[in-house]
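So the chains spell out like this:
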Amino acid sequence: MSHTADAHGHDDHGHGDHDHPPFLAHHFDDPEQQFDSGKLGMWLFLVTEILFFSGMFCAYALYRARNPEVWTYSSQYLNATLGAFNTGVLLFSSLSMAWGVRCAQLRQRTGLVIALAVTLGCASMFLGVKAIEYTHKWDIGLLPAGAYETQSLPLAHHEGLSPWLYTLSYIPAACVVGFGIWYLLTLVGGDRRRSEVAGPLLVTALCYFVGVGIGLQFQEAEESAHSNHPEAHSTEHVNGHSGDGHADEGHEAESHDEDTHASDAIPAGTMVSTGETSEFDVVPGAPSDAMVDQRGGAGLFFSIYYCMTGVHAIHILAGMGVMVWLLVRATKDHFNEEYFGPVDYVGLYWHLVDLIWIYLFPLLYLIK
Amino acid sequence: MPVWQLLGVFFALIILTLLTVFQSTLDLGNLELALSLLIATVKASLVMLFFMHMIHDKPLNIIIFLSSFIFVALFLGFTLMDAAGYRDDVELKQVDSPRAVAVAEADSHADDENHASEDHPADNESDSPEEGE
Numbered sequence: 001m002s003h004t005a006d007a008h009g010h011d012d013h014g015h016g017d018h019d020h021p022p023f024l025a026h027h028f029d030d031p032e033q034q035f036d037s038g039k040l041g042m043w044l045f046l047v048t049e050i051l052f053f054s055g056m057f058c059a060y061a062l063y064r065a066r067n068p069e070v071w072t073y074s075s076q077y078l079n080a081t082l083g084a085f086n087t088g089v090l091l092f093s094s095l096s097m098a099w100g101v102r103c104a105q106l107r108q109r110t111g112l113v114i115a116l117a118v119t120l121g122c123a124s125m126f127l128g129v130k131a132i133e134y135t136h137k138w139d140i141g142l143l144p145a146g147a148y149e150t151q152s153l154p155l156a157h158h159e160g161l162s163p164w165l166y167t168l169s170y171i172p173a174a175c176v177v178g179f180g181i182w183y184l185l186t187l188v189g190g191d192r193r194r195s196e197v198a199g200p201l202l203v204t205a206l207c208y209f210v211g212v213g214i215g216l217q218f219q220e221a222e223e224s225a226h227s228n229h230p231e232a233h234s235t236e237h238v239n240g241h242s243g244d245g246h247a248d249e250g251h252e253a254e255s256h257d258e259d260t261h262a263s264d265a266i267p268a269g270t271m272v273s274t275g276e277t278s279e280f281d282v283v284p285g286a287p288s289d290a291m292v293d294q295r296g297g298a299g300l301f302f303s304i305y306y307c308m309t310g311v312h313a314i315h316i317l318a319g320m321g322v323m324v325w326l327l328v329r330a331t332k333d334h335f336n337e338e339y340f341g342p343v344d345y346v347g348l349y350w351h352l353v354d355l356i357w358i359y360l361f362p363l364l365y366l367i368k
Numbered sequence: 001m002p003v004w005q006l007l008g009v010f011f012a013l014i015i016l017t018l019l020t021v022f023q024s025t026l027d028l029g030n031l032e033l034a035l036s037l038l039i040a041t042v043k044a045s046l047v048m049l050f051f052m053h054m055i056h057d058k059p060l061n062i063i064i065f066l067s068s069f070i071f072v073a074l075f076l077g078f079t080l081m082d083a084a085g086y087r088d089d090v091e092l093k094q095v096d097s098p099r100a101v102a103v104a105e106a107d108s109h110a111d112d113e114n115h116a117s118e119d120h121p122a123d124n125e126s127d128s129p130e131e132g133e
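Chain order of the listed sequences is A and B.
Going by my numbering, 71 is the number at position 71 of the first sequence; the sequence numbering is gapless.
Going by my numbering, 8 is the number at position 8 of the second sequence; the sequence numbering is gapless.
For the record, the hints were derived by calculation from the structure and aren't laboratory data.
Computed from a prediction, not measured in an experiment: that's the story for all the values here.
C-beta atoms are modelled at their ideal positions from N, C-alpha and C, and glycine is treated no differently.
Careful: at least some of the hints might be erroneous.
Residues from chain A shown here face chain B by an in silico Cβ test under 8 Å; the list is partial [claimed, not checked]:
(1) Gly41
(2) Met56
(3) Phe57
(4) Gly88
(5) Leu187
(6) Tyr359
(7) Pro362
(8) Leu364
Computed footprint of chain B on chain A; a stretch qualifies when at least three of its residues, placed anywhere within it, have a C-beta under 8 Å from a C-beta of chain B [said to hold, decoys possible]:
(9) 31–38
(10) 44–54
(11) 94–105
(12) 211–222
Pulled out of the complex, with its shape left as it was, chain A reads as follows (with noise of 0.2 Å):
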């Protein structure tokens, strides 16, 4: 509040003369500029963002181009059907987010809060989809590397929901309860803009038990259509090498060379000190099921693809907490024609995550 402070140059610009808007930074000469400066280091952050996610698309590309056969026996692990529902909810948040952008600079307050709840929900529910998917792969030992769990054995049956699940709900659990209570709470206080705050937060909230509700009935569905799929693998290895056949047609179309070289990426067995003069009577070097079936081999997927989406997860994660802020600063009525930096910003930020999604749904769930 000092005028001190204003010593150099800007003395028109003091703070006991409001002649300029409430929003607008000492260091701005005038609302553009300070709309332009914020614009070019929330792009200059989504260059240091790309660049970053860029260092784990390179590990997969490392990985896949060793062992593609690695990457085609992982990827039926994952639910193609939960992966593009995400997807659509992820562009419908992306929607919604353009469309707040929209709202905060036609000055429309309701419109924005609505948008801004919209795409909480919708962040959310991708994120209790998300938790079916990984607690589903927790449970059958579909980890990392370093605890990966060869999927030939047969497993014991889960009967209903997976404990990983409770655990991982705890949080949006007390989320419910919490802002369940603060909603009813202004509600009854007649405090509408802390309502307009809490309600979205509930719907939030809410919003991560449809996506684990949908995400279960997708998961069941797909459990049912291969319900045989365990006992058919593990007879397959008890009877024979029936599997080894499989993986031998499933790359006939590539060439010899790359098979051999496959192989030595293969850390399994005798493969690797044979090389070309392998006893195996078949294509040489084509890795059986049960050599991709190990932590070397599906294991190392699997850590690309934790790795991955998780990080993908926790940018949704941090995408909701600025919006969060950006809900309780639209309810106070900070946003207009003049001012929706903001807004802007974290919509780009989220359109972003999206962009990063859009690439890591074909690329982890839809190789065949």
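We have chain A; now place chain B onto it with these hints.
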């Protein structure tokens, strides 16, 4: 940004998502990866142009953002070139999970039992477990 444009972009993105799911059911061999990446890039372009307002943005911002893709291309390109160059020299550590060993043991056991009836005794999987033991 008119509402019809936002909705149009959204439905185009949904249709492209369905297209990429459908494309994954076809058997296209090596084309598959290229095609799914192409569809993803079209979707990404739609998001960048319309949702991120790139068509109305300042050229400086666009140049800065697009330059990141150049660096990503350099990063990926050189790493893959390097990996391809050294792929014959790299030794990989054998990492077996206990269950894989158990499976292999069960397999070799089953082999011993089935040897009489099997036509091809030189089986693949029976070899890997002995290495692990």
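For each hint, the structure was consulted:
no.: 1; hint: Gly41; verdict: violated, 10 Å
no.: 2; hint: Met56; verdict: violated, 11 Å
no.: 3; hint: Phe57; verdict: holds, 7 Å
no.: 4; hint: Gly88; verdict: holds, 6 Å
no.: 5; hint: Leu187; verdict: violated, 31 Å
no.: 6; hint: Tyr359; verdict: holds, 5 Å
no.: 7; hint: Pro362; verdict: holds, 4 Å
no.: 8; hint: Leu364; verdict: violated, 11 Å
no.: 9; hint: 31–38; verdict: violated (count 1)
no.: 10; hint: 44–54; verdict: holds (count 6)
no.: 11; hint: 94–105; verdict: holds (count 7)
no.: 12; hint: 211–222; verdict: violated (count 0)
Checked against the numbered hints above, the structure breaks hints 1, 2, 5, 8, 9 and 12 and satisfies the rest.
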